[in-house]
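Go by the hints and put chains H and L onto chain X.
Below are the chains, spelled out letter by letter.
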Amino acid sequence: MESILKYFKGLFTGIKSLLFGMSVTWKELWTKKVTQQYPENRDTLVISDRFRCELTMPHDDNNEHACTACGICQMNCPNGTISVLSKMIETEDGKKKKILDTYTWDLGMCTFCNLCVITCPSDAIKFNNQFENAVFTRSKLVQTLNHEGSKLRDKKKDVKPAETNA
Amino acid sequence: MLSNYSQPLEFTKLLGWLDTTLKANMPEVWANLIEFVIVAVAFLTAYAVIALILIYAERKITAFFQARFGPNRVGKYGIFQSVADMIKILLKEIIHINNVDKFLFYAAPFFMIVASMLTFGAIPFGKMLHAVDFNIGVLYVTAVSSLGIIGVLLAGWSSNNKYSMIGAMRSGAQFVSYELSAGFALMTIVVLTGTMSFSEMIAKQEFCWNIFNGHISSIVAFVIYLISGHAETNRGPFDLPEAESELTAGYHTEYSGLQFGFFYLAEYLNMFIIASIATTVFLGGWMPIQIHGLDIFNQFMWYIPSYVWFFGKTAVLIFLSLWVRWSFPRLRIDQLLNLEWKYLLPINLVNILVMVILVLSGLTLTDLFPSLF
Amino acid sequence: MAQQIIFFILAAMIAVFSVLAVTSKRIIRSATYLLFVLLGTAGLYLLLGYHYLFAVQIAVYAGGVMVLFIFAILLTNRPGENVKTERKDRRIAAGITSLAGLAFCGHIIYWNVNKMYTLVVPAEQKIQDIGLTLMGTDKYQYLLPFEFISVLLLACIVGAIMIARKR
Numbered sequence: 001m002e003s004i005l006k007y008f009k010g011l012f013t014g015i016k017s018l019l020f021g022m023s024v025t026w027k028e029l030w031t032k033k034v035t036q037q038y039p040e041n042r043d044t045l046v047i048s049d050r051f052r053c054e055l056t057m058p059h060d061d062n063n064e065h066a067c068t069a070c071g072i073c074q075m076n077c078p079n080g081t082i083s084v085l086s087k088m089i090e091t092e093d094g095k096k097k098k099i100l101d102t103y104t105w106d107l108g109m110c111t112f113c114n115l116c117v118i119t120c121p122s123d124a125i126k127f128n129n130q131f132e133n134a135v136f137t138r139s140k141l142v143q144t145l146n147h148e149g150s151k152l153r154d155k156k157k158d159v160k161p162a163e164t165n166a
Numbered sequence: 001m002l003s004n005y006s007q008p009l010e011f012t013k014l015l016g017w018l019d020t021t022l023k024a025n026m027p028e029v030w031a032n033l034i035e036f037v038i039v040a041v042a043f044l045t046a047y048a049v050i051a052l053i054l055i056y057a058e059r060k061i062t063a064f065f066q067a068r069f070g071p072n073r074v075g076k077y078g079i080f081q082s083v084a085d086m087i088k089i090l091l092k093e094i095i096h097i098n099n100v101d102k103f104l105f106y107a108a109p110f111f112m113i114v115a116s117m118l119t120f121g122a123i124p125f126g127k128m129l130h131a132v133d134f135n136i137g138v139l140y141v142t143a144v145s146s147l148g149i150i151g152v153l154l155a156g157w158s159s160n161n162k163y164s165m166i167g168a169m170r171s172g173a174q175f176v177s178y179e180l181s182a183g184f185a186l187m188t189i190v191v192l193t194g195t196m197s198f199s200e201m202i203a204k205q206e207f208c209w210n211i212f213n214g215h216i217s218s219i220v221a222f223v224i225y226l227i228s229g230h231a232e233t234n235r236g237p238f239d240l241p242e243a244e245s246e247l248t249a250g251y252h253t254e255y256s257g258l259q260f261g262f263f264y265l266a267e268y269l270n271m272f273i274i275a276s277i278a279t280t281v282f283l284g285g286w287m288p289i290q291i292h293g294l295d296i297f298n299q300f301m302w303y304i305p306s307y308v309w310f311f312g313k314t315a316v317l318i319f320l321s322l323w324v325r326w327s328f329p330r331l332r333i334d335q336l337l338n339l340e341w342k343y344l345l346p347i348n349l350v351n352i353l354v355m356v357i358l359v360l361s362g363l364t365l366t367d368l369f370p371s372l373f
Numbered sequence: 001m002a003q004q005i006i007f008f009i010l011a012a013m014i015a016v017f018s019v020l021a022v023t024s025k026r027i028i029r030s031a032t033y034l035l036f037v038l039l040g041t042a043g044l045y046l047l048l049g050y051h052y053l054f055a056v057q058i059a060v061y062a063g064g065v066m067v068l069f070i071f072a073i074l075l076t077n078r079p080g081e082n083v084k085t086e087r088k089d090r091r092i093a094a095g096i097t098s099l100a101g102l103a104f105c106g107h108i109i110y111w112n113v114n115k116m117y118t119l120v121v122p123a124e125q126k127i128q129d130i131g132l133t134l135m136g137t138d139k140y141q142y143l144l145p146f147e148f149i150s151v152l153l154l155a156c157i158v159g160a161i162m163i164a165r166k167r
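Chains as they are written, first to last, in this note's numbering: chain X, 1 to 166; chain H, 1 to 373; chain L, 1 to 167.
No lab work stands behind these hints: they were computed from the structure.
Don't take each hint at face value.
Stated by the list, open to error - Listed below are the simulated DSBU-like cross-link pairs for lysine-lysine, each with C-alpha atoms no more than 35 Å apart in a straight line:
| # | chain 1 | residue 1 | chain 2 | residue 2 |
| --- | --- | --- | --- | --- |
| 1 | H | K13 | X | K33 |
| 2 | H | K76 | X | K27 |
| 3 | H | K13 | H | K204 |
| 4 | L | K126 | H | K23 |
Unchecked claim - Quick partial rundown of chain H residues pointing at chain X, CB under 8 Å, derived from the structure:
| # | residue |
| --- | --- |
| 5 | K60 |
| 6 | F65 |
| 7 | A67 |
| 8 | W341 |
| 9 | Y343 |
| 10 | F369 |
For every residue, glycine included, the Cβ atom is placed at its ideal position computed from N, Cα and C.
Extracted from the complex, chain X is given alone in its bound form (with noise of 0.2 Å):
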């Protein structure tokens, strides 16, 4: 008798499960669809800070960045993705100076990691949110990150942007 009962116990809040089942769905059917469908929603779309696409050095309006080229971030690279070269030069009051000559960096290697922008001591490098980054051959995927005929910023000035930040 009490398998019996069991039995269209089962059966009953199978359906009833079965159904309740049916009207989650049925609500989910007339939900706004999610998709972003993506070449047409460039101008909205909106991709995460944390999401790191490129690594850049960030100049400023004279063209000047912050690397010393002290080298810590190729030094870290796990992939041997970054490579800085340096050049000495010779400053005003005649002390020699290593200054940033090149900084390369391949896309094509490198796996987000984070290390070098972590690891810099400067802040002079950091990863930005332009994602787009399909081209057709490999070479293209080398950058030089540091523009043309920029030089290094001075110390003094490097402290008051980063009060009048905080």
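Chains H and L in isolation, oriented as in the chain X frame:
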């Protein structure tokens, strides 16, 4: 009764005119031959077109259930997506596999497609749009559709691949068991109407569909038929023969190009066939909704041509099948067989008995309220 | 005329495939050829207008028995691997026996079925008549054999369960 209402959009006049002109202008043998060819071409075209529409509709509705847009790049709203897919599948190479049983491997898709074509031919699509009206229509449909499973088993065996083989075995077990309850559900309605021919069944459902006529028993039979029909077509929660995660693609793993296309086409058409048989047997087929005595209303209903009624009702059932497909999780093989042998079949047998009692003791709606229905 | 052509096509199909079914060494192919034979027979019934018999032939033999055959073959381990052709003397004996059987059956068919064709008109049988004949208890009605067959099938099922349980 039917001819009292004007039916401006029906094909009856056109077909009658075609028949008389052909027979008047040439010997009867040639006229018959030409008519056969016309019917065959019409069926083949309808078969392909319905499959294309179904594939598009399925992809679109599936997408809506998952809050997506679905295909929307090829043409406006992506309506040419399935045409593009068809062209692609026609152009694809048929890969020849080593160490398969060649004859059976190439014959298996034809079993599938022939079985579903044979069933497709017996469906009444509208008034006068009925190719073969057998005295035993229901029995014929259940008999012929059972041929498809041989194609599945042979495909699984001849592929020389253990995943195909397991998929075919599962599919076979599933089909053989669910065919039983589908047949019993149809037999319940045969008890109610006292006929097996589709045309007579439709004529009897003029004012009262079978699903209402036999109330409790009919509704149970309808639900059982939909479940088992759904399972027979290897779709929805019952698609474990093709469960990608365990069996790659089941019995058609080794097929490519047009051969795979045959399996694909047959699957979609089987979905349509199940829905259209359910329409014909339970929902009045191509008969418009009519109410006893309301002649003006009935006339308006007859202005809508019968094939529109048929395809409309079928579309509702297909939508129901898609809805089920995207609501429920996939069953395990033992759950699947439990559902059939421990629930559907016993309920079905009791249901037939109930229906016999209803019919014999005059408790059907047409017997209870002869003035209304 | 058309009927004659279709009949000869079906007859040729039945004959060729029944020979192939016996001679093929791969058992699954034999089963497929047998399926074609059964389908051809169904075609003959359709030609005679016996729609019910046609549908039952397909449902029971092609859809039921053949599926079980193929299932059984699929479940066996390496079917048909050790098939050898028989010894010559045995083959001759088997040939003579089958020829004798053919002569015997042919004689009966020729003398009796030929006569029967004049009596039986090929026409569609009403399914109601078939049902009543199958379930009636009068003369030429078949309730008793029908029930006997169902008892036989029940015994088969019980036997199958007993074998499968293997206590």
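Evaluation of the provided hints:
{"no.": "1", "hint": "H/K13 to X/K33", "verdict": "violated, 46 Å"}
{"no.": "2", "hint": "H/K76 to X/K27", "verdict": "holds, 26 Å"}
{"no.": "3", "hint": "H/K13 to H/K204", "verdict": "holds, 23 Å"}
{"no.": "4", "hint": "L/K126 to H/K23", "verdict": "holds, 30 Å"}
{"no.": "5", "hint": "K60", "verdict": "violated, 12 Å"}
{"no.": "6", "hint": "F65", "verdict": "holds, 6 Å"}
{"no.": "7", "hint": "A67", "verdict": "holds, 5 Å"}
{"no.": "8", "hint": "W341", "verdict": "violated, 13 Å"}
{"no.": "9", "hint": "Y343", "verdict": "holds, 6 Å"}
{"no.": "10", "hint": "F369", "verdict": "violated, 29 Å"}
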